[in-house]
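A.B. asks: Here are the chains, one letter per residue:
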Amino acid sequence: MSPSRGGAVGATVLRPGVQSSVQDAGRRVRALGVPAGGAADPVARRLANALVGNAAGAAGLEVTLGGPTILFHEEALVSLCGPPFDATLDGTPLPLWRAVPVQAGQTLTVGGTARGLRAFLAVRGGLNGHEVFGSRATDLRAGFGGVQGRALRPGDHLTWSPLPAQAARRAFIAPDLRTPTGPQHEVRVLGTGDLTPDLRDSLLARPFTVSAQADRMGARLTESVAAPRDPARPSVPNVPGLLQLPPDGRPILLLPDAGTHGGYPTPLVVITADLPRLGQLRPGDTLTLREVTREDAHAAHLTQERALRQAEWMLRQAVERGK
Amino acid sequence: MPTPSGPDLPTFEWLGDAALNVRTPLARELYASLRAQPLSGVLEAVPALDLLTLLLDAPTGDGAVQEAVAARLTTLTPAPGGSGRTLVVPVTFDGPDLDWCAAHANLDRAGFVAALCAAQLEVAFLGFTPGFAFLTGLPGPLRMPRLDAPRERVPPGSVALGGPWAGVYPRETPGGWRLVGRTPMNFFDLSRAAPVPWRAGDRVRFEARA
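Chains as they are written, first to last, in the UniProt record's numbering: chain P, 1 to 323; chain W, 1 to 210.
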């Protein structure tokens, strides 16, 4: 069945949720001062897209803390991946980590979650949105990309690219592939040239609490450490997962919308394999930083990437066979 | 053969498992070279002052990228002309800090404006906000201390001086630099094919308009 041409297409946002924005794999123009952006939990983004047969970097909806209510005007195949958000389709519980068909006229409601922070809602075909520097990701601070450069509002209209309809096939995603959610986290880090013995002692020895200041730019931790002060320090490029130490000593872990450069000491960087965990840091969670070697980080990435690629391949096969 | 050494040799520092800082006086030339001829495994090159941060497409356990960058650097020579492009930025000098800055430089208003317009500036790198350029090359007397407390809102187009830098705020943001004027030029305009008109290595000159 194809959507009735001439009738309503896409979907309407009835309630936007706490902060829902169009995100994809982000952009790569830091040299122009433009933050990367993109889904804060890339594992959820990749698996959600694979479940509905999308390319890994297709745009979907990143929902935060409490999700949106969306009325579909045409049929769609959707998947919601992330922490255990309560979600329903016309009042019937919607399973997460599954491809779920939606009929025209049905309402998808994503409620809250008791743990974790963000989920990714993929729609087969990929959401449309304002494309800037090769990405539809919403930059909330600079105000571009996605839907008018902002989080969803009631009445917003969502559309997606047409792809041949596919039946949903049951496909299973191993739970240990999913990004772990709180309330207790351990994140592996590597030291930089800024890591002094004193900072190593104060940053690696004890748990930190995630503060209420946890947004797409960064997650600020509550407890402070003695921060080195150097007002003449030049601005240098930031990288994903950098731990920044501003003068008040409360560390900030940088997320995808962080500015491209910073002038504060940056003694630690979260390893690539653990970056998705930063997207699930919820205010009140505790976080411990554990130092590893670059070889450990490389091995962790290879293990994770191998498992993810295998899962993505199998999920796509399931969609193909489900024709 | 003696081991090469000297202040101009590059230094490398890992920044996590998938980024490498390359410190070298040839950072600008390396950036231009990598743009013209990308290096396998390098996803993005982000310039700062005498520094290029390379973001790799995946974590690596070996030193292959570092070796490739070191090899590329040996093929480069300093390019004093930067990118060869010059941008002229028209400025109306009426900023709220103009008189303070002129006094700080021991100049009258006209003398200060003339000195600033005579300065040969260069885009060292972009950062802070989309399209914001850190312009280097200010003569010593024109280098201004930053404000003790940043303004909460700096109007878009403001031309500002802070420490060794000059800059133009592309959009309304907080800012701690001294505001000397404003330009109608927009340095982040998504309606243009090239939203950001300048890049690291471009020469810049301010031109006073009535």
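These are calculated hints, taken from the structure and not from any lab test.
Just to be clear, a hint being listed does not mean it is correct.
Said to hold, decoys possible - Only some residues are given here: those of chain P computed to face chain W with a beta carbon under 10 Å:
1. Ala142
2. Arg153
3. Pro154
Said to hold, decoys possible - With beta-carbon atoms standing in for the labels, derived distance ranges:
4. W/Gly111 x P/His157: 54 to 60 Å
5. W/Gly163 x P/Leu204: 57 to 63 Å
6. W/Arg35 x P/Thr92: 36 to 42 Å
7. W/Pro78 x P/Gln304: 38 to 44 Å
8. P/Ala205 x W/Gly61: 24 to 30 Å
Claimed, not checked - If you want the ones that stay clear, here's a sample from chain P, every Cβ over 12 Å from chain W, calculated:
9. Ala167
10. Gly263
11. Thr288
12. Glu312
Bear in mind that the values here come from a model prediction, so they are computed numbers and not experimental data.
Just so you know, even glycine gets a beta-carbon here, dropped at the ideal spot from N, CA and C.
A.B. asks: Decide, hint by hint, whether the structure agrees.
C.D. replies: So, going through the hints one by one against the coordinates:
The interface hint given for P/Ala142 holds, since its Cβ lies 5 Å from the closest Cβ of chain W, which is under the 10 Å cut-off. This hint is violated: P/Arg153 has a C-beta 20 Å from the nearest C-beta of chain W, more than the 10 Å allowed. Given the 10 Å rule on beta carbons, the hint for P/Pro154 is violated: about 25 Å separates it from the nearest Cβ of chain W. Hint check: W/Gly111 to P/His157, Cβ distance near 57 Å, so the stated range 54 to 60 Å holds.
Checked against the given bound of 57 to 63 Å, the beta carbons of W/Gly163 and P/Leu204, roughly 33 Å apart, lie outside it. With their beta carbons about 53 Å apart, W/Arg35 and P/Thr92 fall outside the hinted range of 36 to 42 Å. Separated by about 42 Å at the C-beta atoms, W/Pro78 and P/Gln304 satisfy the suggested range of 38 to 44 Å. A hinted range of 24 to 30 Å for the beta carbons of P/Ala205 and W/Gly61 is consistent with their spacing of about 27 Å.
At the 12 Å boundary, the C-beta of P/Ala167 stays outside the reach of chain W, the nearest C-beta of that chain being 34 Å off. Separation of P/Gly263 from chain W is inadequate, the least Cβ-Cβ distance of about 10 Å not exceeding the 12 Å criterion. No Cβ of chain W approaches the Cβ of P/Thr288 within 12 Å, the least distance being about 18 Å, so the stated non-interface status holds. With a least beta-carbon separation of about 16 Å from chain W, P/Glu312 lies farther than 12 Å from that chain, consistent with its non-interface assignment.
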